[in-house]
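Protein chains in written order, with the working numbering: chain A, 1 to 354; chain B, 1 to 354.
Please note that the accuracy of each hint is not assured.
One copy or two, either will do: identical chains are not told apart, so a pair holds if it fits within one copy or between any two.
Straight-line Cα separation of at most 25 Å, BS3-like style, residue types lysine-lysine; simulated pairs [as the list claims (entries may be wrong)]: (1) K318 x K43; (2) K310 x K43; (3) K20 x K3; (4) K90 x K120; (5) K3 x K43; (6) K180 x K259; (7) K154 x K203; (8) K105 x K214; (9) K154 x K102; (10) K221 x K108; (11) K310 x K3; (12) K108 x K90.
Think of the hints as simulated: they come from the structure by calculation, not from any bench.
2 protein chains.
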Amino acid sequence: MRKHNFGAGPGILPEYALKKTQEALLDFNGIGMGVMEISHRSKDFEAVLNKAKSLVIELLKVPDTHDILFLQGGASTQFAMEPMNYLNKKAAYIDQGAWSGKAIKEAKLFGEVNVIASSKDKNYSYQPKGYTIPTDCDYLHICSNETIHGTQVKTFPTSPIPMICDMSSDIFSRPVDVSKFDLIYAGAQKNMGPSGVTLVIIKKDSVGRTNRVKPTMMDYKTHLENNSLYNTPPVIAILVCMHVLEWLKSIGGVDAMQKINQQKYDLFYNEVDNNPMFTGTAAPEDRSPMNACFLLKDSALDEEFLAMTKAADIVGIKGHRSVGGFRASMYNALPLESVKVLVDVMKEFARKKG
Amino acid sequence: MRKHNFGAGPGILPEYALKKTQEALLDFNGIGMGVMEISHRSKDFEAVLNKAKSLVIELLKVPDTHDILFLQGGASTQFAMEPMNYLNKKAAYIDQGAWSGKAIKEAKLFGEVNVIASSKDKNYSYQPKGYTIPTDCDYLHICSNETIHGTQVKTFPTSPIPMICDMSSDIFSRPVDVSKFDLIYAGAQKNMGPSGVTLVIIKKDSVGRTNRVKPTMMDYKTHLENNSLYNTPPVIAILVCMHVLEWLKSIGGVDAMQKINQQKYDLFYNEVDNNPMFTGTAAPEDRSPMNACFLLKDSALDEEFLAMTKAADIVGIKGHRSVGGFRASMYNALPLESVKVLVDVMKEFARKKG
Numbered sequence: 001m002r003k004h005n006f007g008a009g010p011g012i013l014p015e016y017a018l019k020k021t022q023e024a025l026l027d028f029n030g031i032g033m034g035v036m037e038i039s040h041r042s043k044d045f046e047a048v049l050n051k052a053k054s055l056v057i058e059l060l061k062v063p064d065t066h067d068i069l070f071l072q073g074g075a076s077t078q079f080a081m082e083p084m085n086y087l088n089k090k091a092a093y094i095d096q097g098a099w100s101g102k103a104i105k106e107a108k109l110f111g112e113v114n115v116i117a118s119s120k121d122k123n124y125s126y127q128p129k130g131y132t133i134p135t136d137c138d139y140l141h142i143c144s145n146e147t148i149h150g151t152q153v154k155t156f157p158t159s160p161i162p163m164i165c166d167m168s169s170d171i172f173s174r175p176v177d178v179s180k181f182d183l184i185y186a187g188a189q190k191n192m193g194p195s196g197v198t199l200v201i202i203k204k205d206s207v208g209r210t211n212r213v214k215p216t217m218m219d220y221k222t223h224l225e226n227n228s229l230y231n232t233p234p235v236i237a238i239l240v241c242m243h244v245l246e247w248l249k250s251i252g253g254v255d256a257m258q259k260i261n262q263q264k265y266d267l268f269y270n271e272v273d274n275n276p277m278f279t280g281t282a283a284p285e286d287r288s289p290m291n292a293c294f295l296l297k298d299s300a301l302d303e304e305f306l307a308m309t310k311a312a313d314i315v316g317i318k319g320h321r322s323v324g325g326f327r328a329s330m331y332n333a334l335p336l337e338s339v340k341v342l343v344d345v346m347k348e349f350a351r352k353k354g
Numbered sequence: 001m002r003k004h005n006f007g008a009g010p011g012i013l014p015e016y017a018l019k020k021t022q023e024a025l026l027d028f029n030g031i032g033m034g035v036m037e038i039s040h041r042s043k044d045f046e047a048v049l050n051k052a053k054s055l056v057i058e059l060l061k062v063p064d065t066h067d068i069l070f071l072q073g074g075a076s077t078q079f080a081m082e083p084m085n086y087l088n089k090k091a092a093y094i095d096q097g098a099w100s101g102k103a104i105k106e107a108k109l110f111g112e113v114n115v116i117a118s119s120k121d122k123n124y125s126y127q128p129k130g131y132t133i134p135t136d137c138d139y140l141h142i143c144s145n146e147t148i149h150g151t152q153v154k155t156f157p158t159s160p161i162p163m164i165c166d167m168s169s170d171i172f173s174r175p176v177d178v179s180k181f182d183l184i185y186a187g188a189q190k191n192m193g194p195s196g197v198t199l200v201i202i203k204k205d206s207v208g209r210t211n212r213v214k215p216t217m218m219d220y221k222t223h224l225e226n227n228s229l230y231n232t233p234p235v236i237a238i239l240v241c242m243h244v245l246e247w248l249k250s251i252g253g254v255d256a257m258q259k260i261n262q263q264k265y266d267l268f269y270n271e272v273d274n275n276p277m278f279t280g281t282a283a284p285e286d287r288s289p290m291n292a293c294f295l296l297k298d299s300a301l302d303e304e305f306l307a308m309t310k311a312a313d314i315v316g317i318k319g320h321r322s323v324g325g326f327r328a329s330m331y332n333a334l335p336l337e338s339v340k341v342l343v344d345v346m347k348e349f350a351r352k353k354g
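Excised from the complex, chain A in its bound form (with noise of 0.2 Å):
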């Protein structure tokens, strides 16, 4: 029995996706070797890469002005590669919570950085709309998603200067303009695989935009050239990415997963809005499909509800310290029945002590 894993990542991933993994450990495609035994520059594995790449391709749509690699080092090693690739005197970062957060803090290692907007009076509970986008800036830094806070940007700005994407935590889970942005990047932990990957997808003709000094492995022309083969990569962690993606096209791709997913988000959000008990966190205009915040009004009963949603085999849905309550985190491969549990427990949980 698996359980109603809302965990907010590394999250819960497709069954199909583990199970082929599981086959291709100890026997990868009949060669009498495992996945992770084999050389990475072998057909098999090549395979496997290309593949996966594909499949981000097709999925996202990815014009042929655009490639895709696979690197290390999660969206963190990425807020560092962005400034030391495409800032040389000011870049425009958007303060839309904890994840901006970080990557502005990195930037300023780099180079001066403009935040244009912020949502930090609210306590990150909306996103930052109708700013102005300077056109001195290398690049404006817009985050798709905030995990911990529970909004999502709906609409992506018409920006007169390159755009750089953080989609950690949404990628996959609705079709996204790829064109608008010269970089978009995505630990695999939510959406698309487990940690140890990150996806990058790069406008070719961006790279060489700084001159800095910098370390070979942080300088996205090295794994352009080298397909990802630069260095031995996460042959495991690719393996299971592109299983997922496979279940993610055999179900209809990002479309239908779109239209599951706000399913997903109508009932739950029904139900924090009708449920006397409860209350949502996020700007209604800006709520997430992917994280949903919410509290109990009286927070004394916390500890009583998160005991019944153990009960009915949910896990992972305690809230971020920074915001308290609790957080539904109804990424991709979370079935619609998790989300049904969900709802029934809430509405127990109103029957009992409402």
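Go by the hints and put chain B onto chain A.
Below, chain B without anything else, positioned relative to chain A:
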């Protein structure tokens, strides 16, 4: 039927570790979630991390002065982190082959490099010895085992300056006096686990030796202060490492492993030295038990020999292009039986063609 896997890396892993990893993918520890689907801050994963750490400490007798990190990016990333964290003015490097060559190239981005010894004159077929370590350098870089050229440092120098060692291809193959080093690192994918995680053993009071601006992720201090949990670590790769180290402990640790590796070495090199058709490329006193490079005296027979090894279920034996011929990588997990099979093929080849 598993192949006789002589691949240079990612290399063969113990079946025990592969099977334990299989079990963890869908339902880890009976918690109803797979190991890749749980928070890296959960007690279940922290137990994995801490067990892996304590096994490294136990197996290598790591003193209290040092700590253990599990990072991402491979030795290639360490080649940059090393000078970024330790090089103020000048560093001493030994030019032992392909891997120290990469380390030297990277260090030059950050300061002056004094190459104090080299074996380039004979295509890196021996280990430089008898060199004087200058006292005006910030550290000495040494690579313990040359994967490509098949040589190993048998005795580490007593260094008057901090010593840093890349042990990617022979860590855990023999005992090592960790106290001699300020920093040891090793990509996992030879003797410790899958690609995607890098073991770092660092002398705690050696952090903070440089003041240069460095990405947060490339500062050892970041990871030391956060027990490798500053960001999401490569969970599945660390789990595999834990199981590989459990296996190593179960067979008696690095002392027992060294004896088994010596048996494999003796069996293999005895054949190379006595079979009239073959010759080893490395200087006998520097031959690596991990990677044995050898040639057919008549290279016109290469394809025929390769075909015969293939028929015997031997894989990964083709030599690196910079040395040619053949390379038998005999990592910890390679059974003695596999070496016997190879030696039998070599004998049979000599009978047929000699």
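Open item on the list: Please list, smallest to largest, the hint numbers that this structure does not respect.
Closed with: none
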